[in-house]
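Enquirer: Listed below are the residues making up each chain.
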Amino acid sequence: MSLAKRIIPCLDVDAGRVVKGVRFVDIRDAGDPVEVARRYDAAGADEITFLDITASHEGRNTTLHTVERMASEVFVPLTVGGGIRSEADIRALLNAGADKVSINSAAIHNPLLIPRAAERFGSQCLVIAIDAKRTGPNRWEIFTHGGRTATGIDAVAWAIQMTEQGAGEVLLTSMDADGTQQGYDLELTRAVAEAVRVPVIASGGVGSLQHLADGLLVGKADAVLAASIFHFAQHSISEAKSYLQARGLVMRMDY
Amino acid sequence: MSGVAVLDYGMGNLHSVAKALEAAGADKVWITHDPQLIARADRLVLPGQGAMRDCMAAMTREGIATVVHDALQNKPLLGICVGMQALLTTSQENGGVQCLNLYPGEVRFFGHALQEQAEILKVPHMGWNEVWQQPHPLWKNIADGSRFYFVHSYYCVPEQPQLTLGTTHYGLDFTAALGQHLVFAVQFHPEKSARHGLQLLHNFLNWNP
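So the protein sequences, as listed, match chains A and B.
Throughout the first sequence, residue numbering follows our numbering, covering 1 to 255 in sequence.
Throughout the second sequence, residue numbering follows our numbering, covering 1001 to 1209 in sequence.
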């Protein structure tokens, strides 16, 4: 197997500034997402995910401008998520330089968004983002509004449906694990990874390098997304890659 | 002076390609379908994204087939992703699509039964994979087996094996780069392949076949 597993740092961006904090040792302005993304690119990140948590309209325009700047300086794939509601939103982000867009609740409110966007822009740029909470043994439900609103939709069934209708990748976040630093929900990750034909990105709960390995080896994910362990220089990306390679995983080391 | 025309026929994200060409040292990059600009350019890039049927329809509408055929007489062309696939005769995508037929060959679907060590492989083939090179100036300063970023569900099968200039393994060995004379085309995205991708674009800008 020669295809490498991917490590994806995630930046939370509000009106053009990185929030949640990113601490690099010798970085002047840790709040500029373009600067942070450049650092991650140089450090060997296989992709960058940019999560726009801006609520205001003005903030959205700032986001487009930030994506444009990022695409001029960062030459690894860039995924942008957050607040995407329509085909027009998707087009604007792709035109600004995003390679993929990640669609979350809009896919639930508008079931035709993914199939129509797939026809127009191609599956390769459509990521279905799923936020799931455990509601019973081997059962996970989709939640929206930051985990506050239950939808009654089964997470595995939803992943199958959305990918069959055109999403080219799944970004799977466990709401139970997110923020705990106790590791991914491996049962959830594996259930989805084995149910769909497209790549799955595990997200939510990483606190150690062992957790990244578990997500790939036990959870069967194709890529791992993490924020805090990289942002706070707890571990570098190259350290993570060496660790995963030593665990027998294929990684991109020649960056 | 190295002016590059990125052929715009309304499909895909051309901004990334243009920015990467600039970072790789291009003096001037035009994103265009204007025949006069295309005529002025020293080199052409044929990008491509999305579904083949729509890509071919857009190429036909914008007269890209003529541009490509004309250009091949006198200037280097770099095809990227669907822009590589479009050079063959037909594609299995969208129930079968006629392509530009520059080189006899077929674009095939990876299928849902693709396996490696008894594990079903995910399609699209997405991520960083190794490319094994045949000697060519565009591989200058790029180690054999270097990783490039791929995202595709279909792959090129040229009838003439000597057209293959790079090979990648994903369940099967497939053509990751092909070309001859003034043409070099790649299945991966050099504009998204970090250092090696920029080196390849730099090599293209300095290529004088």
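Hints were generated in silico from the structure; no laboratory data involved.
Careful, some of the hints might be misleading.
[What the hints assert, rightly or not] Short, incomplete list of chain B residues facing chain A, as computed with Cβ under 8 Å:
no., residue
1, Gly1010
2, Lys1019
3, Trp1128
4, Gln1134
5, Ser1146
6, Val1151
7, Ala1194
[To be verified] In silico lysine to aspartate or glutamate, EDC-like type, Cα no more than 16 Å apart, as pairs:
no., chain 1, residue 1, chain 2, residue 2
8, B, Lys1019, A, Glu194
9, B, Lys1019, B, Asp1008
10, A, Lys220, B, Glu1022
11, A, Lys220, B, Asp1008
12, A, Lys220, A, Glu194
13, A, Lys133, A, Glu73
14, B, Lys1019, A, Glu73
In this text, a Cβ means the ideal position worked out from N, Cα and C, and glycines have one as well.
Enquirer: All hints are to be evaluated individually against the structure, with a verdict given for each.
Expert: Evaluation of the provided hints:
1. Gly1010: 11 Å, violated
2. Lys1019: Result: holds, 5 Å to nearest chain A Cβ.
3. Trp1128: Constraint on Trp1128(B) satisfied, holds at 4 Å.
4. Gln1134: 17 Å, violated
5. Ser1146: With Cβ-Cβ at 6 Å, under 8 Å, it holds.
6. Val1151: 5 Å, holds
7. Ala1194: Holds, because the Cβ-Cβ distance from Ala1194(B) to chain A comes to roughly 5 Å (cut-off 8 Å).
8. Lys1019(B) with Glu194(A): 37 Å, violated
9. Lys1019(B) with Asp1008(B): It holds: about 15 Å lies between the C-alpha atoms, which stays within 16 Å.
10. Lys220(A) with Glu1022(B): Not OK: Lys220(A) and Glu1022(B) at ~38 Å, beyond 16 Å, violated.
11. Lys220(A) with Asp1008(B): It is violated: about 39 Å lies between the C-alpha atoms, which goes past 16 Å.
12. Lys220(A) with Glu194(A): 8 Å, holds
13. Lys133(A) with Glu73(A): 37 Å, violated
14. Lys1019(B) with Glu73(A): At roughly 8 Å apart (the allowed maximum being 16 Å), Glu73(A) and Lys1019(B) satisfy the hint.
Checked against the numbered hints listed earlier, the structure breaks hints 1, 4, 8, 10, 11 and 13; every other hint is satisfied.
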